[in-house]
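Let chain A serve as the given structure and place chain B on it in line with the hints.
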Amino acid sequence: MDQRNNRLGWLFTSPYLIYSLIFFFGPLVWSFFLSITDWNLIAPTFNFVGLHNFMNGLRSPGVHAAFWVTYKFMMVFVPIVTVLAIAVAVLVHGLTRFKGLFLIGFFLPYLSSGVVSSLIVKGLLSYNSPINTFLRGVGIDIDWLGTPLSALFIVGLILAWKFTGYYALILTSGLESIDKEVYEAAAIDGVKDSQRFWRITLPLLYPALYTTLILAFGVTFGIFTEVYQLTGGGPDNATNTWQMEIFKQAFTNLQAGYASAVALLASVATFISIFVIRKILEIWGKRNGWV
Amino acid sequence: MKKKQLVSLLLTGMMTTGILSACSTGQDTTQNGDTSTNAGGGAGGGGVTTIEFWAAPNPTQQAFWQEMAKNYEATNPNVKINVSAMKESPTSEAGIQAAIAAKSAPTMSENINRGFAAQLADSKALVPLDTLDGFQDIVSERNMSSTIGPWKFADGHQYVLPIYSNAMLFGWRLDTLKELGYSEPPKTYGEILELTKKLKAKYGDKKFLWAKADLADPTAWKRWFDFYMLYDAASNGNKFIEGDKFTGDDKAGQEVLTFVDDLRKEKGLLARQTTDPFENGVGTFVDIGPWTFTTWAQKYPNLKYNVNYALTMPPVPDDVDPAKSKTFADTKGLVIYASATKAQQEAAVGFIKWVYSDAKNDAAWFQQTMLPPARDDLTSNAAFKTILDQNPQLKPYAENVPNAIPPMDNAKYNDLQTIIGEQAFNKVVKGEISPADGWANMKKAIEDALK
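If you're matching them up, the sequences are chains A and B in order.
Residues 1490 to 1780, numbered by my numbering, are exactly what the first sequence covers, in order.
Residues 321 to 771, numbered by my numbering, are exactly what the second sequence covers, in order.
You may find that some hints are simply not true.
Derived list of chain A stretches under chain B, where covered just means 3 residues or more per stretch with a C-beta under 8 Å from a C-beta of chain B [unchecked claim]:
| no. | segment |
| --- | --- |
| 1 | 1538-1545 |
| 2 | 1568-1575 |
| 3 | 1631-1637 |
| 4 | 1715-1726 |
By construction, these hints were calculated from the structure, which means they are not laboratory data.
In this text the structure is predicted, and so the values were computed from the model without any measurement.
Built from N, CA and C at the ideal position, the CB exists for glycine as well.
With the rest of the complex left out, here is chain A (with noise of 0.2 Å):
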């Protein structure tokens, strides 16, 4: 019996593990030997040069910018997409009506394309747009995207807008979650009612607030679509991403060996950066007694 339940396991579980044979194992092979070599994938030849592109790629300072800027779009982005997610799914959560209504408007963002957004945002922070001429004929002047602190804050503030519906449904269900006896017995045992958040319902939101914040590190590693759209990277790679960077290699300069080993880089950092901040969170939620 056992033996017929794990063959039917290896069979229904196959095609996710060819799938993933395919698109995941086979091109992270292809991705490290292309990084071992100096190809460009269509020259006849090409040369192994060892480990001559990853440290070509720990010199640039492209490289070491999307470094940096993935930490710095953490700082921008996590903070206020959490604070916006929870209020957004406390808000709902209190509803007694359309609750489903509201989740909805509040996850349309996450479906809409960051081209189109990014559009958006450049038409109206340009020089000539309504508001900055406003904010000349007030005395402020500012380049918006030409600033590398208000350039940063502009992306990090459109990812938030994009991600706050989507980590709200999580946390909502989070919300839904949590036995309302517990209230009840917290405000039998004298709990008040400006405490009942910090004392009951974070705690108990804790497991799912813990996987939107994974989740809202984790993109600070992948920004793409808006950078390349509204900065390129600038000003002075002030936002210049992983994607970015590789994107730059790999389809502009059309270094296929090169920006494999900036892919790999980016893995490396994504890995161990993602461990430390989950090993932080957890430890975090143990020392508060919420896991």
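Just chain B now, kept in the frame of chain A:
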């Protein structure tokens, strides 16, 4: 039990086959059809040679080539030409690179700039056109000997047949100039600086001389439309890089950077994101290609040539004759891929020869795309007279085809042009470096990159 296992096995098999077949591009069947035997199409059993032609991803260009292919097939039944739009995922260059890597490159394609052609030629992916029988006939019959001259690569071969050549020009807002007391655009750096002072005195932060976010953007191709236009004019068309050598004209280069720096000091530059600055009157001067007029006809029909805007060749330093100004050639051409069979290469040359043996076809191209054919006789050949009379704004482009310098033929052109921006041009625009230091840093970085 056995039946259940059999059903499970069959299901899994079907799913796996489904996944694997989904991975297939199906190119073998669609490209080869009945008559071809290889990826790019080829000679078939019925004596028909199939060639794949990738047109630029632009409906007017695609329509032109489809019509040409249909007409050619009507009189040459032994050749079948499949015209399709070049894939742009994520860029047309990357689409071509992917196709070559996947061994599904077309026989020929248009929309290739000289820099990208250099990358392809460097990877032995292109056929040197001058080695094919009939190529010289195309050059002489199309009357393009002068225009194609600068296209010769450092190795002495011609890899690209230029189709169109946009001699990039600068546009001037005549209405703004008139308000400042000018009846025609200035032509030298000194005159432009004087105009900028008057412009700023009258309009403050409402108008600028050159308003364009690209001025501060290091993306390689953006230098074609600022630095190179000015540099070609200041240096009498110096090649800047020839083969693997930096041959830039130090004096001309520093003069260009100093001019830009002077404009910055006068607050004449606006390197910020601005919605259609020239069209909305925020900018007074801007680089313009002939493709712009189609957009203007729909979006800004109020802009009329020689009424509220004028076109000129790039300005020159005060000691240079403006009449001798050169400019950058935004130009793209046609290539034949090395993966094509001999039969396909011959068929491709036959098709190109047929298209360009009749000036009417170039006239049809000009009429449909508004892109000036790369010919020496654009202003003298009667075939183009009607189009130029109907579109007078295209005349200066046609007149200056021989004065336009194509991009460098170095395979590292992306890196090299990024250096121009990062080390010199963008920094000068932002006031972060002196023109002399910017030029020196750029020169050193380019020389290092060329090693």
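Outcome of the hint check:
Coverage of the segment 1538-1545 of chain A by chain B is violated [criterion: at least 3 residues with CB-CB distance below 8 Å; count 0]. Restraint check on the segment 1568-1575 of chain A versus chain B: 0 residues with Cβ-Cβ distances below 8 Å, three needed, restraint violated. Residues of the segment 1631-1637 of chain A with a Cβ under 8 Å from some Cβ of chain B number 4, which satisfies the need for three, so the listed coverage holds. Under a criterion of three residues with beta carbons nearer than 8 Å to beta carbons of chain B, the stated coverage of the segment 1715-1726 of chain A is upheld, 3 such residues being counted.
Going through the hint list in order, the structure does not satisfy hints 1 and 2.
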